[in-house]
Amino acid sequence: MTPPEDDDQPVMLFRDVAKVYPLPAGDVRALDGISFQVDRGEFISVMGPSGSGKSTLLNLMGCLDTPTEGDIYISGTRIGDMSDADLTTLRRDRIGFIFQYFNLFPLLNIIENVTFPLMLKTGKGVDPERGREVLRAVQLDDSLFTHTPTELSGGQQQRVAVARALINNPDILLCDEPTGNLDSKTGAGIMDLMTELNRKGTTIIMVTHDPHIAEYSRRTIRIADGRIVS
Amino acid sequence: MIFWEIAKRNIRLHFLRSTLAMLGIVIGVVAIASMGILGNSLVATVSDSLSSVGDSVIVFPYAGGGGGFGGGGGSSENLKITDQQFQQIKRAVAPSVAIPVLSTSERMKVGVGGDDIVASVYGVDPKYLPDLNFELDAGSLNNANSGCLVGSEFAKDNNIKVGSRISMGTDGSKGTLRVTGIIKERGMSFDISTDNAVIATQDWYENTYKTENYDEVVVKVKSGQDTADVKVVIEKQLNKRDKVVSVMDSKATLASIYETFGAVTTFVTAIGGISMVVAGVSIFNIMMMSVNERVKEIGIMRSIGTQKKEVMSMFVYEAAIIGVIGSAVGGILSLVAGYAISALMLQSTKYLFTFATAFSVFEGVGFGIVVCLACGLYPAWQAANLNPIDALRHE
Ligand SMILES: Nc1ncnc2c1ncn2[C@@H]1O[C@H](COP(=O)(O)OP(=O)(O)OP(=O)(O)O)[C@@H](O)[C@H]1O
Ligand SMILES: [Mg+2]
Numbered sequence: 001m002t003p004p005e006d007d008d009q010p011v012m013l014f015r016d017v018a019k020v021y022p023l024p025a026g027d028v029r030a031l032d033g034i035s036f037q038v039d040r041g042e043f044i045s046v047m048g049p050s051g052s053g054k055s056t057l058l059n060l061m062g063c064l065d066t067p068t069e070g071d072i073y074i075s076g077t078r079i080g081d082m083s084d085a086d087l088t089t090l091r092r093d094r095i096g097f098i099f100q101y102f103n104l105f106p107l108l109n110i111i112e113n114v115t116f117p118l119m120l121k122t123g124k125g126v127d128p129e130r131g132r133e134v135l136r137a138v139q140l141d142d143s144l145f146t147h148t149p150t151e152l153s154g155g156q157q158q159r160v161a162v163a164r165a166l167i168n169n170p171d172i173l174l175c176d177e178p179t180g181n182l183d184s185k186t187g188a189g190i191m192d193l194m195t196e197l198n199r200k201g202t203t204i205i206m207v208t209h210d211p212h213i214a215e216y217s218r219r220t221i222r223i224a225d226g227r228i229v230s
Numbered sequence: 231m232i233f234w235e236i237a238k239r240n241i242r243l244h245f246l247r248s249t250l251a252m253l254g255i256v257i258g259v260v261a262i263a264s265m266g267i268l269g270n271s272l273v274a275t276v277s278d279s280l281s282s283v284g285d286s287v288i289v290f291p292y293a294g295g296g297g298g299f300g301g302g303g304g305s306s307e308n309l310k311i312t313d314q315q316f317q318q319i320k321r322a323v324a325p326s327v328a329i330p331v332l333s334t335s336e337r338m339k340v341g342v343g344g345d346d347i348v349a350s351v352y353g354v355d356p357k358y359l360p361d362l363n364f365e366l367d368a369g370s371l372n373n374a375n376s377g378c379l380v381g382s383e384f385a386k387d388n389n390i391k392v393g394s395r396i397s398m399g400t401d402g403s404k405g406t407l408r409v410t411g412i413i414k415e416r417g418m419s420f421d422i423s424t425d426n427a428v429i430a431t432q433d434w435y436e437n438t439y440k441t442e443n444y445d446e447v448v449v450k451v452k453s454g455q456d457t458a459d460v461k462v463v464i465e466k467q468l469n470k471r472d473k474v475v476s477v478m479d480s481k482a483t484l485a486s487i488y489e490t491f492g493a494v495t496t497f498v499t500a501i502g503g504i505s506m507v508v509a510g511v512s513i514f515n516i517m518m519m520s521v522n523e524r525v526k527e528i529g530i531m532r533s534i535g536t537q538k539k540e541v542m543s544m545f546v547y548e549a550a551i552i553g554v555i556g557s558a559v560g561g562i563l564s565l566v567a568g569y570a571i572s573a574l575m576l577q578s579t580k581y582l583f584t585f586a587t588a589f590s591v592f593e594g595v596g597f598g599i600v601v602c603l604a605c606g607l608y609p610a611w612q613a614a615n616l617n618p619i620d621a622l623r624h625e
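Protein chains in written order, with our numbering: chain A, 1 to 230; chain B, 231 to 625.
Quick caveat, the hints were computed from the structure, so don't treat them as lab data. For each residue, glycine too, the CB sits at the ideal point set by N, CA and C. Be a bit skeptical, because a hint or two may be false.
Covered by chain A, per the in silico footprint, the following chain B stretches (three or more residues, Cβ under 8 Å) [to be verified]:
(1) 238-249
(2) 529-543
With a straight-line cut-off of 30 Å between C-alpha atoms, the simulated DSS-like cross-links for lysine-lysine are [claimed, not checked]:
(3) K121/A <-> K526/B
(4) K539/B <-> K121/A
(5) K238/B <-> K124/A
Whole structure, please, built from the sequences with the hints as guidance.
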């Protein structure tokens, strides 16, 4: 069961969350005592040095993992109580992921890549209409729709990745270094796209270590050694 | 569905290794199915040449050592069953019928001017003929002392019809017999091999050969009695002091023959099975490769909302496509291989288009698909249960 979008509840609530990776060389406490709240429509950037736990935090927000200690609530529902299948459905329907390395599927063409999450949802084949609609919204040229991902430039691939993240109209967008592999001009284009989406109501949480990129957000969470410092 | 499409494209992308894995399955299916076809044809060939004698027990004089098919002619008087022994047998097996049989081989001539031929001659009292259950191609059972029955093959080879005369012995020294009936082909038989024989009456035989002892006794076991029990009873009665007769239980003998052929078929099929195991290992191998190459992709799929079972289905489809194509090709080729082997080894392909053949092919194909699915299952399960985070971090 997927928690419904609920206006009275914060989109996301972390309470004393810790994440420990048990490793043979000793446990790694990647996150420790994390508490914060994300409200609807926020645009947050998460900053911190390498290895500080930013990706770990984003993975927890994306319900890819569960915390070792503490509780995480998505729209008021504790994710620790949800089954893997329910968490997967939650990711499919309510969360869009954008990665640093685009992460498109090499065996699928652009339209198929973009409509992949929609196909998961409907159980049907490609919906080219909807695919084109979303691809046009991220300003990708129509002539590229039947190409394979490797035939596209980095900036074009990232636009496709954004379109894929948007296809199921998620209310939360999670981005891990979305401009990390793009030149600053292309990166700025992607950030304009995000700003536009946020203006339309999508809650965005973005990991970055680039202060210029962080400026697009309206709130910054800084972490170091797995703790929130400001 | 998109996962079906991805499975197809991945096979096409790795065309060579997928084809090699399919080839393994093809070989496995062909090995199993064609061995099965060969075994079935072998059994069919044997059972066709053995007549179903029904439940009979055959008593031969004990020849020392082996025994078995001792009925043939030329045995000396002490290798006979005496009338006294016959009476003992008759009493022991009642209510089953004991039939004394005399036999030898003899020179004879059919028609005028024909060449001398040699064939088996049996002497059987006409009152027992109904119990022997001969089916006739033509004519009727013989009652007259100078009449006889002949086997169908003998009749065909020598152009014999009902009413034909056979002069027995060199230059007709043993008189003439008139054919009253022709016995349908029975194949090799444990009791009386009629196909190439003349069956005369007991009286004629005893008069002609001046003998009163029998060469074998055929016991037709009545339903309700067990052939094995009858065998034991006879042995107990007659072999009290010395072993004087050997007793063959036709049913048990037939069963052991089929059992032997069945075991041979199973054995050669199992050898075919080994190649299927090898094929299975190669399927497992390429499926593991397929999973390991795509760990990152699986991580992305899982992170954007693909269920475990959907990831699993993608890999199961891949194994299934390889299995179904490989097995189907193998099924077709095994018919060809079965044909070739039967033609070469049995000089006959008439047993090829039977239910047993269809079953062997079905078995091979089914086994091929099952092996592919089974060997694809663990890699698929492993893919589905990858930790999405570790998979995403994978480079
Ligand atoms: N799956 C994992 N297994 C074991 N240790 C992990 C795992 N993921 C992260 N870590 C450890 O947790 C700590 C935080 O890692 P994380 O990836 O969250 O950092 P980050 O802030 O995203 O760094 P970067 O800016 O380099 O991406 C690191 O010490 C890392 O080695
Ligand atoms: Mg990181």
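Broken hints, by number: none
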